[in-house]
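Number of protein chains: 2
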Amino acid sequence: VKTERLAILTEGLFLDHHAKTAHGVIRYGQREVVAVVDSAHAGRTASALIPFCVKPVPIVASLQEAVDAGANCLLIGVAPTGGKLPQSWLTLIAEAIEQGLDVESGLHTILSEDPQLKDRAEASGASIRDLRQAPTDLDVPRGPGKRRDSLKVVHSVGTDVAIGKKTVTIELTRAAQAVGDKAVFVPTGQTGIAIAGWGIAVDHVVSDYVAGAGEWLVDEGARRGDLLFVEGQGALFHPAYSGVTLGLLHGVCPDVLVLTHRAGSARIGSYPQVELPPLTEIAAEYERICSPVHPTKVAAIALSTVGLDEDTARGVIDETEKECGLICDDVVRFGADRILRAVRAELPPVEGTDV
Amino acid sequence: VKTERLAILTEGLFLDHHAKTAHGVIRYGQREVVAVVDSAHAGRTASALIPFCVKPVPIVASLQEAVDAGANCLLIGVAPTGGKLPQSWLTLIAEAIEQGLDVESGLHTILSEDPQLKDRAEASGASIRDLRQAPTDLDVPRGPGKRRDSLKVVHSVGTDVAIGKKTVTIELTRAAQAVGDKAVFVPTGQTGIAIAGWGIAVDHVVSDYVAGAGEWLVDEGARRGDLLFVEGQGALFHPAYSGVTLGLLHGVCPDVLVLTHRAGSARIGSYPQVELPPLTEIAAEYERICSPVHPTKVAAIALSTVGLDEDTARGVIDETEKECGLICDDVVRFGADRILRAVRAELPPVEGTDV
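Chains A and B, in that order, are what the protein sequence lines are.
231 is the number that the working numbering gives to position 231 of the first sequence; each next residue is one higher, with no gaps.
185 is the number that the working numbering gives to position 185 of the second sequence; each next residue is one higher, with no gaps.
The set of hints was computed from the structure by calculation and includes no laboratory data.
Any given hint could turn out to be false.
As the list claims (entries may be wrong) - Quick list of in silico lysine to any residue cross-link-like pairs, SDA-like style, CA-CA up to 20 Å:
| id | chain 1 | residue 1 | chain 2 | residue 2 |
| --- | --- | --- | --- | --- |
| 1 | A | Lys146 | B | Glu275 |
| 2 | A | Lys146 | B | Gln273 |
| 3 | B | Lys146 | A | Gln273 |
Keep in mind the model is a prediction, meaning the values are calculated, not measured.
Kindly produce the complete structure, drawing on both the sequences and the hints.
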């Protein structure tokens with residue numbers, strides 16, 4: 001396998017929130033990012049413009065400059081609304097493929113099905129990876145009890161969507177790696193896939209195969225480490241996505257759950273007619289629904305306190321700990337260590353740990 | 001809308017269990033079946049060969065005889081393993097389309113995408129309906145609380161797959177129609193669709209849209225009547241299909257559930273490592289998981305007692321009633337009336353009833 005050196009295309013949109021794939025990959029990705037291609041912001045660095053991007057990746061004006069800097073893979077770093085690709089980008093992508101760069105995309109437009117791009121890729125030997133395309137050999141799972149004992153699986157579930165499950169999962173993975181665990185982030189959505197370079201966007205899988213996709217992801221994670229942190233999707237009481245949540249849950253068969261919640265939210269964001277039960281009841285429900293298939297325990301609450309001042313945030317965290325009788329923290333604000341300890345306390349000893 | 005008169009193609013396989021679509025449509029379908037096309041059994045009638053088919057539909061040797069008998073639609077009545085179509089059948093289907101017959105198929109092979117069949121259909125004005133193809137405009141649901149008060153929704157859920165949820169749903173619909181309800185069977189799988197002539201095979205929908213498909217089905221049912229009996233899929237603790245079950249449940253927002261169970265089964269059939277909780281706990285879990293989205297109540301247990309002698313069957317039914325504190329019956333063996341009464345007792349008065 002060749003070492004990938006990414007150029008990330010955001011042409012004009014690096015500061016836009018639609019560039020979250022670019023931001024996430026720069027912040028969390030393990031692959032080297034040699035340049036961002038964005039003529040509107042050329043000459044600056046990523047971290048100078050978006051502080052949480054952390055790394056001073058140079059922003060360049062053209063693909064050629066990225067190639068000169070050593071890029072061998074072009075990642076489309078923007079998910080525009082509707083997922084369609086502007087013609088000017090297509091021209092640039094075609095040029096990259098001609099030069100032999102691999103292309104990676106999480107767009108709805110499946111690039112590998114474009115006859116012109118396909119022809120060029122065949123000629124140059126470049127590969128086109130559409131992150132939203134699931135493996136074609138998905139099937140129903142083997143079911144619980146069929147994996148090695150040394151493998152431990154942590155799954156970050158939530159009370160709603162878009163409350164930071166992916167961030168919590170990645171922060172926990174990094175904290176575990178920092179204490180010596182062979183920890184692996186297992187991505188289940190397109191941004192996570194762009195960050196890690198592998199995974200399945202389970203919400204695009206045919207419904208019969210969601211659990212099978214969950215098991216496939218665990219199998220694949222098991223080849224990479226011993227302690228898996230599997231990104232959750234949806235929420236158990238979400239009127240639109242609960243099916244994805246439960247299929248994934250029964251496919252992944254987690255040993256431990258981390259329950260993610262946005263402080264103060266009392267209803268499902270997109271469905272205000274649905275009131276959330278108390279956090280303790282949601283936690284109990286996650287445990288009950290898993291129990292006959294593969295027993296699990298909620299080990300901690302990962303609270304998002306975005307928008308609260310620090311004192312209020314600490315107050316809400318304390319309150320939640322008392323209410324739930326579980327460790328609670330905001331991993332982005334105060335670090336993932338306390339939650340990681342709570343998670344590991346629920347797991348049998350994991351190889352490679354230094355606890 | 002023209003009145004459909006079906007010819008059902010089973011060529012050589014009428015006695016095979018793969019002909020369950022043919023058997024189901026003859027037994028339960030509302031459309032007239034003028035002939036079965038099956039040269040191996042020509043000259044007999046459907047009910048003479050398969051008693052539960054009930055109707056003495058003539059079996060004929062050729063398509064032409066079916067056309068002469070008035071058929072204007074050819075239904076593929078067999079789902080062969082793998083879902084592929086033999087070449088000889090393709091020839092016969094092409095011939096039917098040329099003669100202007102509509103074609104309806106639940107096969108994996110999407111007939112309407114076959115260029116030759118498509119051309120012929122355009123020439124003759126015939127339509128090709130692939131039952132497994134979902135509407136292309138599916139989306140997430142509007143969510144609970146958005147339908148008319150007079151609409152009541154009953155959903156048949158189960159403890160496992162292939163235990164008779166579809167049959168229970170249809171028998172309840174017929175019993176409700178018999179007492180004057182504007183009752184509608186809402187099909188969620190391919191055989192149900194072939195029987196009713198509409199519906200969505202929800203297990204083939206992209207996972208993000210399962211709940212949306214459930215709501216779509218209720219909306220569509222609401223145009224046809226006031227009391228819907230929605231066929232369930234999978235089971236809440238099924239390691240492969242629970243996601244389909246829950247997505248459908250939260251999309252359908254049932255007012256009342258009927259819990260289907262095979263007498264004596266203690267484990268998931270295809271996953272013997274998964275032990276079923278007691279029936280009372282499964283019923284409670286179905287209610288709990290629905291509650292925040294749309295509260296519901298399990299009104300009765302539909303038990304399948306296939307393989308038990310009548311005394312034993314009645315004994316198990318009595319025991320289950322005591323254990324669960326709910327009406328329990330085998331609707332195929334002893335009729336659907338007791339369960340229907342239990343269901344209606346849980347519903348606010350329904351228009352058109354004579355209770």
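Checking one constraint from the list: CA of lysine 146(A) to CA of glutamine 273(B), max 20 Å. Satisfied? 10 Å, holds
Measure nothing beyond the straight line between the CA atoms of lysine 146(B) and glutamine 273(A); if it is 20 Å or shorter, mark the hint as holding. 10 Å, holds
Take a quick look at whether lysine 146(A) and glutamate 275(B) sit within 20 Å of each other, Cα to Cα. 15 Å, holds
Consistency with the previously given hints is maintained throughout, with no hint failing.
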